[in-house]
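Protein chains in written order, with our numbering: chain A, 1 to 235; chain B, 1 to 177.
Everything labelled a hint here was simulated from the structure, so no lab data went into it. All figures in this text were calculated on a predicted structure; none of them were measured in a lab. Please note that the accuracy of each hint is not assured.
Keeping only pairs whose Cα atoms sit at most 20 Å apart, straight-line, the calculated DMTMM-like set for lysine to aspartate or glutamate is [as the list claims (entries may be wrong)]:
hint, chain 1, residue 1, chain 2, residue 2
1, A, Lys39, B, Asp102
2, B, Lys75, A, Asp51
3, A, Lys32, B, Glu176
4, A, Lys38, B, Asp72
Each chain, written out:
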Amino acid sequence: MSELIYSVFDPEVQPPVLYPDYASTILRAPTKPLMVLKKSLVELSGPVFGDILLRPLDNDLTKNAIRNGEPIGERIVVHGTVRDEWGSPIPQALIEIWQANACGRYVHKVDQHNAPLDPNFLGAGRCLTDAQGNYKFYTIKPGAYPWGNHHNAWRPNHIHFSLFGANITSRLVTQMYFPGDPLLQYDPIFLSVPPAGRELLLSTFVLGLTEPSFALGYRFDIVLRGAQATPFETK
Amino acid sequence: MNKLRQTPSQTLGPYFAYSLSPEQYGYPFNSIMNQQMVNPFTEKDAITIVGKVYDGAGEVIPDALVEIWQNDGEKQLIGRCGTGTDIEHRFVFYTLKPSVYDGQAPFLTVILLMRGQLIHSYTRMYFSDELELNQQDPFLNTIPVDRLSTLIAQKNDLGYTFDIHMQGQNETVFIEI
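So that you can see chain B by itself, here it is in the shape it has in the complex (with noise of 0.2 Å):
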């Protein structure tokens, strides 16, 4: 059988928030999926993940919108959070950290749209303090030693740091899924 053509892809555009993220933008809309993955007031092994997308010029995007996809055989989760609201344009998620699964080290999968992108990208998130398992992962060691901490997330007293750079010396690493 003949695969039909796929849509084409085209860009999300400055003025999504209204539609897919109302409530953390203060529009008179619900929202379906959000920052909280789950309740970091009562799920006691939450943890918090906070990043910054930086442009090519080194400024901080300000309106990206950053989504969350992880499944560890257990638990399927997805969020989704827009840097607008932010002060600083941060993006923040609370949410569990992902068991081994699969063979490989823990991670989330990042869909990251926004202006000026006319196709979204994919990248992965890894954590830091799982550095025996990073060390023997499949996929993070096919990447170049020099762009590997693009794909790893620093542990702090705040939670995990995950920032993202569309370009220039530190960009991230972007996946083809």
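The shape of chain A in the complex, shown without the other chains (with noise of 0.2 Å):
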């Protein structure tokens, strides 16, 4: 028989809602406990992306934005595979990034910060994992930049990444941090995850995925929550 399995976020890894380190939360985060809802078939259903147009280079962004030249940077590739809790992989989910270019400015017109906008470089890719869990983003190593948290804020080399998993209770919205970046230890948003979670925000490079004269490689493999039937056995 079977019996339906659910988790909610786990506290030993995930961030409290509530992180007054990082300003922004102090008026934003929920102040009541959240309400236990019995989940129905709606929460354990999501949006199927198989059919979405998805176009050759979006998961290619040293691509995907030329206009006169190769855009500048590092170029890295990044692999991973998307695994729910249970270890199985998860085909056909959804991932959306977006970052900064090589010198640490988004092309998002709020961004103000004083370094150059690459004209060959958007900043946004987007694939579906394949039968295997896994996907693959070909992109520039994203730079630090100014953040008005507190003085000298800096936001350590990230890649912001969204997930559409299974069904809506797997959804996820992260980060993915570079291995031995200095400016780790001083970010509220990395530290606002227990210590037991940091790690799994590390992408870790490998030189088997690296392409030679071509690209670094780097590995960030990404675990969703979620509900799934699971064989039950009683005795």
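Since each chain comes alone in its own frame, lean on the hints to assemble the complex.
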């Protein structure tokens, strides 16, 4: 027989909603306890993106916004596998990414950082995981940039990830960081994650994924929360 | 088998629009979901949902991203709208009202993401003109009476209005999903 198993956000690895060192949480974090919902068929379903129109360069940020040349910066390739908490790969998960350019400047109109835009780099990409849950992005290693959270605050290099998995309980928005970044120890957004979870946000450099004379290889595996029907043995 | 550890959540940040909602914000990238969950010009039963997101100081939040999921067994629809392009920082969706499904009053699942949220929030939007079904709904009946109105969109001339309050006296009921 089977039983529906679901899990909540795991407080041992997930950040709290309110983390005052990240000042923007103070007026934006809900203050009342969440109401617990008996899951219905609505939450145990989610959008299926199998038939969306993906274009060939959507997962190649080094090429998908070229106007008059190659984007500036260090080319990287990011590989990963998306799994559920029971280790099963999640095929056809939608991954959307965005990031700053090599100078630490976002294309977004609101970004006022005094660093150059790159006319050949947008910093947006997307893909679907394959049948084994694997994904791959080519991009430029993002630069660090200053922000107004506190005096001399700089965000470590990071790539934003948005994922839709098997159903809407597995929705995840996160950030991938780079190993050895000296800014991580000062970043309240990274430090909002309890110590047990922090290394899960670090990509690893992998020589075997590095493409000779082209791009440095990194791995960033992702585990999505969520419900699934799992075989359940009863005695 | 040992469960794998969940990848921790991190904030959406302020600069998501050129990837997640590029057409709405005028960036040169295509959108794969938007505020038109159905086409309001061709779908005669289309409804409009309009709302604002407020922070704990009562200010309208101009950089939130709202996603709507609905599934009534017949139709599954996903929508996405940022609050950064409307002059009043409203979100606007065009969709269909779902029917009763799985023994529940019609509702939409709302996913709310923004800078200042380390984990996104979930809530539900019910419809003020489904009074009888709402009164019998098993989930709504677990909500304290004085907070119930935060989950119910009010029907008016424009369609339905559904404001979301992150904090304060009218703090929206957020849901563990």
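Checked hints:
1. Between lysine 39 of chain A and aspartate 102 of chain B the CA atoms are separated by roughly 11 Å; this keeps the pair inside 20 Å, and the hint holds.
2. Our distance criterion of 20 Å between C-alpha atoms is met by lysine 75 of chain B and aspartate 51 of chain A, whose separation comes to about 16 Å.
3. For the suggested pair lysine 32 of chain A and glutamate 176 of chain B, the alpha carbons sit about 12 Å apart, so the restraint of at most 20 Å is met.
4. For the given pair, lysine 38 of chain A sits about 17 Å from aspartate 72 of chain B by alpha-carbon distance, which is consistent with the 20 Å threshold.
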